[in-house]
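Student: The chain contents come next:
Number of protein chains: 2
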Amino acid sequence: MNEFYIDSPNDERIADFIGLSNHKLRQLREKEGGDMAPYFIGEGAIVINRASAVGHELLTLIAGEKFDHSRLVAIPEGCNFFRCSPVVLEAITGRPNLKDPIATFRRPPQNDPDDVTKEAKLTVLTESVQNPTNMGMVMRNAAAFGVDAVLFDPQSCDPLYRRAVRVSMGQVFSVPHAQIRSMPETIINLNRKGIQTVALTPDPKSRTLEAVLKSPCQPLAFIIGSEGHGLTTNSLSVADCTAKIPMQNNVDSLNVATSLAVALYAARARGLK
Amino acid sequence: MNEFYIDSPNDERIADFIGLSNHKLRQLREKEGGDMAPYFIGEGAIVINRASAVGHELLTLIAGEKFDHSRLVAIPEGCNFFRCSPVVLEAITGRPNLKDPIATFRRPPQNDPDDVTKEAKLTVLTESVQNPTNMGMVMRNAAAFGVDAVLFDPQSCDPLYRRAVRVSMGQVFSVPHAQIRSMPETIINLNRKGIQTVALTPDPKSRTLEAVLKSPCQPLAFIIGSEGHGLTTNSLSVADCTAKIPMQNNVDSLNVATSLAVALYAARARGLK
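Chains as they are written, first to last, in my numbering: chain A, 6 to 278; chain B, 6 to 278.
Hints are supplied without guarantee of correctness; some may be wrong.
The list makes no distinction among identical chains, and a pair is therefore deemed to hold if it is satisfied within one copy or across any two copies.
What the hints assert, rightly or not - Only pairs whose alpha carbons sit at most 20 Å apart, straight line, appear in this in silico SDA-like list of lysine to any residue: (1) K29 with T98; (2) K219 with A274; (3) K29 with N102; (4) K71 with T98; (5) K219 with R273; (6) K71 with V92.
Don't read these hints as lab results, they were simulated from the structure.
This is chain A alone, in the form it adopts within the complex:
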């Protein structure tokens, strides 16, 4: 570990971190072709330790003046550790103090959707789940209920985007995930492989989750749609079936990650192995 002290926000060594909470700019920088595309960002000792534990390569680390780096389990020899003055921290996070460190890791190569779903018994597919907080929750819930693979379409938030990683509490690292090109094609492909695809929908005309899960359905994939408009009709029409969570009080829908948690719990309670 090489330790440096940074007291100017213009120091080039911390340029990767500046303006961390500007979502739009960050997502552009981290996209394919952006200057940050080869990296992902992990925030907080828990997240950084979880990333390190599964073998992600820690490249740089920033922290406040008094941070005790023994809270991090493994810091590789080549890692640059930048202790930052309050002015620098403010340029990065908008606040002059930082309780928890922030790190960059080398972004792993993209997974092949066919590889991650090969032996999968429980899969999650996301269509246009754009909100990073929701994507983080989806990954946390997927990990908690032992999902084998998450496939996300190009309109969904990158699960390794900073805020998604943070909200997932680093659980994103324990669930294999891959980007797909087209949701309808992927659903058709999974159906051909004998995976039952269940589209979650608030549509009151749909069968209930309980009814759908009564018939044997293994392996199984749940499909969840965008926060605003739900699943596209193209995706709904090719799924094996649709399922709704019964609701009262004229509530029209649950949060997308919450719906997923309920569906995963119900599938597990039904004895899906």
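Using the hints, position chain B against chain A.
Tutor: Same frame as chain A, but now just chain B:
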């Protein structure tokens, strides 16, 4: 409706709204004794219409220059409607444009916990659920699964706090709720009334939710604890029983509102009427 045009952020008529996204300041102003204590804030046409529909009194309304107020179902005669210039909107929300209107309503009188739980078959108790987003999700989930009453302790976020109302998508108005003084006392009180109190906990030594719900348990109250530390030992020790949601991958917990959604779904699926 009395319509006015406001082009100065210093105009006293919109002082109630200035600095809307400063959580700490807002919560102080809306607390008992604060200048905003007699009111609550609703954001967006959906939320405002839901508040109006259940009889909350709309007092003032702010919107951008081009807002079409026919999107609001009912604007009472005495309501002041302030159209604001971009500079004013920026002082209020941090952004110069505002798609959706913001309103103040008269805060309703506090409910009595004994009244709201009188006939309740399904109750939710929150202890130190401080995060407004989580409280909003708790209320949205409570509404979706037909919870009869939510009781929150003094350390929990006020369900009528702006961000909680927004995240609940106005569903907070469809669930009777009341503040309690002490969680352990309330639990003991509910037990005496024959309501089975089930504390949700990630404790791996606890029985599973599925096992707990197998025995008849009506009426029922779920108790959820703080985002960081869960329920206090005092509350855990007086509850009828504890229940965990089984998790994998060494995930230690789900989000508090997500856990509640799973528990409520499971209770409904078990046929709780």
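Student: Checking K29 and T98: alpha-carbon separation at most 20 Å within a copy, between copies, both or neither?
Tutor: both (15 Å within a copy, 19 Å between copies)
Student: Classify it for me, K71 with V92: is the Cα-Cα distance of at most 20 Å met within a copy, between copies, both or neither?
Tutor: Cα proximity of K71 and V92: one copy only (15 Å, versus 40 Å across).
Student: Can you give me the call for K29 and N102, within, between, both or neither, at a CA distance of at most 20 Å?
Tutor: Between copies only: 18 Å across chains, 24 Å inside a chain, cut-off 20 Å.
Student: For the identical chains here, do K219 and A274 meet the 20 Å Cα criterion within one copy, between copies, both, or neither?
Tutor: Answer is both; intra-copy 11 Å and inter-copy 12 Å each pass.
Student: From the Cα coordinates, with 20 Å as the cut-off, is the pair K219 and R273 best called within, between, both, or neither?
Tutor: both (12 Å within a copy, 16 Å between copies)
Student: 20 Å Cα cut-off: does K71 pair with T98 within a copy, between copies, both or neither?
Tutor: within (17 Å within a copy, 34 Å between copies)
Taken one by one, the earlier hints all hold for this structure without exception.
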